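A.B. asks: One line per chain: the protein sequences are A and B, in this order.
Okay, so the first sequence: first residue is 912 according to this note's numbering, each after it adds one.
Okay, so the second sequence: first residue is 912 according to this note's numbering, each after it adds one.
To be clear, the hints were calculated from the coordinates, so they are not data collected in a lab.
Computed from a predicted model, the values in this text were never measured in an experiment.
Treat each hint with caution, since some may be false.
When chains are identical, the list treats them as one kind, so a pair holds in a single copy or across two.
[What the hints assert, rightly or not] With a straight-line cut-off of 20 Å between C-alpha atoms, the simulated SDA-like cross-links for lysine to any residue are:
| id | residue 1 | residue 2 |
| --- | --- | --- |
| 1 | Lys1193 | Asn1212 |
| 2 | Lys963 | Asp1434 |
| 3 | Lys963 | Glu1318 |
| 4 | Lys963 | Ser1456 |
| 5 | Lys963 | Glu923 |
| 6 | Lys963 | Ile1431 |
| 7 | Lys963 | Asp1306 |
| 8 | Lys1206 | Val1176 |
| 9 | Lys963 | Glu1134 |
| 10 | Lys963 | His1317 |
| 11 | Lys963 | His1432 |
| 12 | Lys963 | Gln1429 |
| 13 | Lys1206 | Ile1243 |
There are 2 protein chains.
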Amino acid sequence: MDDFIFGTLATEELRLRHIRSLREGITHAQRRAPRDPLPGQLVSLELTIGPKHPQQQAWAYWTNDGSDPVGQNGQAQNGYATPLIPIDAEWDTLVWGYVRRFRGQIPGQEPETVVRYRIAAGGPGGEVYADEGTFYAYYVDNDPPPDWTRDAVLYQIFADRFFDPSPEFPFTEPKPSLKCNGTLRGITAKLDYIAGLGVNCLWLTPIFPSPSYHGYDATSFYEVNPRLGTKEDFRQLLDEVHKRGMKLLMDFVPNHWSNQHPTFVESQKNKKSPHFEWYTWKTWPHDYKTFFGVKTLPQINLRKPEAREHVLGAAKYWLDFGVDGFRVDYCIGPSPDFYAEFRRVTRTTNPASWTFGEAVDPPDSQITFEGGMDGALDFMLLEAMRQTFAFGRWDARRFADFLDRHEAFFPETFSRPSFLDNHDMNRFLWVAENDKRKLRLAALCQYTLAGAPIIYYGTEVGVSQERDMIQNGRAIHEEGRLPMPWDASRQDGELYDYYRGLARLRHNHLALRRGTRQTIHADEAVLAYRRADGADSLVTVLNVSANPATLTISIPESNNHFATGLDCRVESVAGKVKIHLPGYGGVVLG
Amino acid sequence: MDDFIFGTLATEELRLRHIRSLREGITHAQRRAPRDPLPGQLVSLELTIGPKHPQQQAWAYWTNDGSDPVGQNGQAQNGYATPLIPIDAEWDTLVWGYVRRFRGQIPGQEPETVVRYRIAAGGPGGEVYADEGTFYAYYVDNDPPPDWTRDAVLYQIFADRFFDPSPEFPFTEPKPSLKCNGTLRGITAKLDYIAGLGVNCLWLTPIFPSPSYHGYDATSFYEVNPRLGTKEDFRQLLDEVHKRGMKLLMDFVPNHWSNQHPTFVESQKNKKSPHFEWYTWKTWPHDYKTFFGVKTLPQINLRKPEAREHVLGAAKYWLDFGVDGFRVDYCIGPSPDFYAEFRRVTRTTNPASWTFGEAVDPPDSQITFEGGMDGALDFMLLEAMRQTFAFGRWDARRFADFLDRHEAFFPETFSRPSFLDNHDMNRFLWVAENDKRKLRLAALCQYTLAGAPIIYYGTEVGVSQERDMIQNGRAIHEEGRLPMPWDASRQDGELYDYYRGLARLRHNHLALRRGTRQTIHADEAVLAYRRADGADSLVTVLNVSANPATLTISIPESNNHFATGLDCRVESVAGKVKIHLPGYGGVVLG
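Extracted from the complex, chain A is given alone in its bound form:
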């Protein structure tokens, strides 16, 4: 079984094509430093021009009044034009030619300014916009993620599949509905169960009205799906969540919605519709930009100010309603300039809100969302944890080294919520061949790293699958979205307690939430790292191999605080600590 995580860059061929097009083209690709400028900070922009483009000059056209920058031949029509100066030409053997580099600076700006910019190359060959005309923007402020987000332990709920108190749940309607009858009231009813896990933040998959059971195809961003409940039900859920000191994040889907959305239905009927330009029509009425060619999911043209305001308005609406932030679906879809406004709206509406993106992409893409959101779901760590703990393809040394590099790559102020699986892939337990030792070990690792851990509903009681999610090359999502089993006989209570213990450990130790991390040992089988915050210091030791392993190490931490099981032993020998771990065993010492 091969893991399938990275969609658009899943194969070597796709990766190569991607790199080639970046290096061959007139490319900015958000190479900007700093990415998230403070008030008054200069911003340096980089552009590369591939070997076949004869353009020899470059400019950034930019505004700081919210308007789209327009310019020609280095002259701004509104706002400003800043020349980008040629720095050097790098030989690139891959594209077999010289790639020319240019650099220029946008001066520092006042707080709460949205700078919109676009880069153009000119000279022989005519003026051409970088990245096929993409508009970029950044929001000038000083706003690291709110403090509470560093203490978060999250629980992802697939709304339709979680719970309803009626006997209708979990009934699976026949295709195409596949609806299981989960409701918002059902979630409210189970809040104590969730809180019992030590979770303090919910992430709900979309609850907007939609023809599908999953909700990623909304027909309104301002309403609640009647099948899930009423707005009052949602209000009640939110109140109960907050009453317990928990937070709630909504799934926000700015890139696309349903082809049954009234604005789309109307525009498809009538070219004169005021919403006609909310879509990108290739040939009206039947050919238009969509999410991955899915006709039922038209892409929203966020470059159209009214459409953008409508989508941003929804973010404001729900923050005003009381939600605590958003997980932003397919965040690589919208034009990058969308996120400066998104940031402005989310931060000015609720300065304590948390937003992070779902970019199923490598780190160099993830990092481009710095400043537009608080962070991004940590897909690379996901891959590394699955390779190491589920598949056993990476040894402990490689995983340790990955952690070192990965953490060095991202700034500390970039949230990287961690997860072992989600609704778009095989469950961790399934790829781990239902070996719960592997899950326990992976979760121990997850809870002792800096990123806020997310539990995908059911994992805490051992929910797995019946079949592989990829069959005949197609994803059968249902496999990873089975209804939550509430019958005690189908829940692994020990595992629940284990997860509960992990959260308790994390909540008790600032070191695990805010501390530095240092790898202190790595061999093929065993990895050990220290998390420390002042006097609070914990050492996590993980045996990623199937065989028992022993590690003797000189560390002051020798108290067994937490372990994957009773068969993990720690003893003091001649001033050193000797740790005996069974296969897939792990322990936290303090």
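With the hints as your guide, set chain B onto chain A.
C.D. replies: Just chain B now, with coordinates in the frame of chain A:
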């Protein structure tokens, strides 16, 4: 017909494998700044460690006393150890992981110091040498290429194929010899012919004793091939060359020689031979390192000091004999540290000597020879000129842009002798479908660019081929190495005069040899650039298309100094210059 120039990087697959191995490995690859340090200059070294290598520390072990550096765990056994410090981790989508960068500095050194170094990475996974243990070195001095080299016009003579006064020439012996009976005396006899071309520097393919007609498989580096003549004949040739104010470069082949070389014959018979370690034996006596797997061409182990001294001694011997420098065959073969000693020997023996390498490689490899030699044959320009002028695949704009980038990449002090063809590829005229207009235009370009132009013997009188050199995937070198035709009926006298005129133009204008170059016009068909040195200023205008073209341009230069033919017209119109060019026509204005 596809052009076949870049051997080891000829296909996309080979290029990709090359890049991948650099990015995945523990790689220094001579990333050193400056590459050719002046006395007292700090040298910064860069190392990258690919995602699968867990090493987290790095050191450069180095010496300045000529000994090979040895060290372990950051401790030098001789010389010094300098730590390389981690700078950052770059995400690399191609190798799907983080590539870590390290940097460190070697302090400035006294003049005429050879610094030898080797880089190692250590920590988890153990200590590993960068680039599979490659030794590097640089020579500290302040020695740009000698002044005369910037005025050079070269002529490449394939010694066996050029001339002998006897009726034996050109008789082609049957295979395997294929010898044509050219001699050194023959070359001497034709010096006036060569000088008549305005050539002031000869490059002779190898004249060492060897079993083959081509001489790249020497049996001695200290003798002359009796088939070509005696050492006295060579002395006489050299004297006659110098008498005419010309220079002579030998072909030097440090990487390999014949399996009939006495040291090899002896070592293959007897493991106790004092020369046993001059070779790299995989399994003695029949498996050893060779030039591209050719058993008759064993690679010389230049890491063995005695072998290195022997080869360096030959360079010294011939410089003392009176030759003016070397074209270094397959210069990417020897260990890179060889070139620091090569530089020391060539420069201290004859400070006015000229050395340049044959690296059939892209610019990022060419540039690594900076400091070890004066420069390298300009293979990228060769490719660009053939694509533009012979194949018509690049338009004028692309070629102009290439020139701009190419010249920006190399320092001015790096010699880049230019050529349209050589003995290892199809002749230019052949790939240009024997269209002499294309050859004239390409040569006009070649002679008006900065690099010293090289004529491959015979091109000046229209020598072409009979068949393609690549047949059934194999190179038939004979096609590009036909004996020089001396019968007047087989020589194109007009073309000879054209070449003679080109050299005269170049010799008359410092601007063409030393001036700056600026592209002043480029469209699809026509390219114009100015070469200027103080008041001396010339504009070259080239029509690379098959159709007539007109260019009207505001330049002070309006005198027609030189043209590809009489059908190029220049007129002054309203203060501008209007240039009428036939297809493949070109003109130089001043």
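A.B. asks: Run every hint past the structure and note whether it holds.
C.D. replies: A quick look at each hint next to the structure:
| no. | hint | result |
| --- | --- | --- |
| 1 | Lys1193 x Asn1212 | within (12 Å within a copy, 64 Å between copies) |
| 2 | Lys963 x Asp1434 | between (47 Å within a copy, 14 Å between copies) |
| 3 | Lys963 x Glu1318 | between (37 Å within a copy, 16 Å between copies) |
| 4 | Lys963 x Ser1456 | between (50 Å within a copy, 18 Å between copies) |
| 5 | Lys963 x Glu923 | between (24 Å within a copy, 17 Å between copies) |
| 6 | Lys963 x Ile1431 | between (49 Å within a copy, 19 Å between copies) |
| 7 | Lys963 x Asp1306 | between (43 Å within a copy, 10 Å between copies) |
| 8 | Lys1206 x Val1176 | within (13 Å within a copy, 75 Å between copies) |
| 9 | Lys963 x Glu1134 | neither (50 Å within a copy, 49 Å between copies) |
| 10 | Lys963 x His1317 | between (34 Å within a copy, 13 Å between copies) |
| 11 | Lys963 x His1432 | between (49 Å within a copy, 17 Å between copies) |
| 12 | Lys963 x Gln1429 | between (46 Å within a copy, 19 Å between copies) |
| 13 | Lys1206 x Ile1243 | within (19 Å within a copy, 55 Å between copies) |
When each numbered hint is compared with the structure, a violation occurs for hint 9 only.
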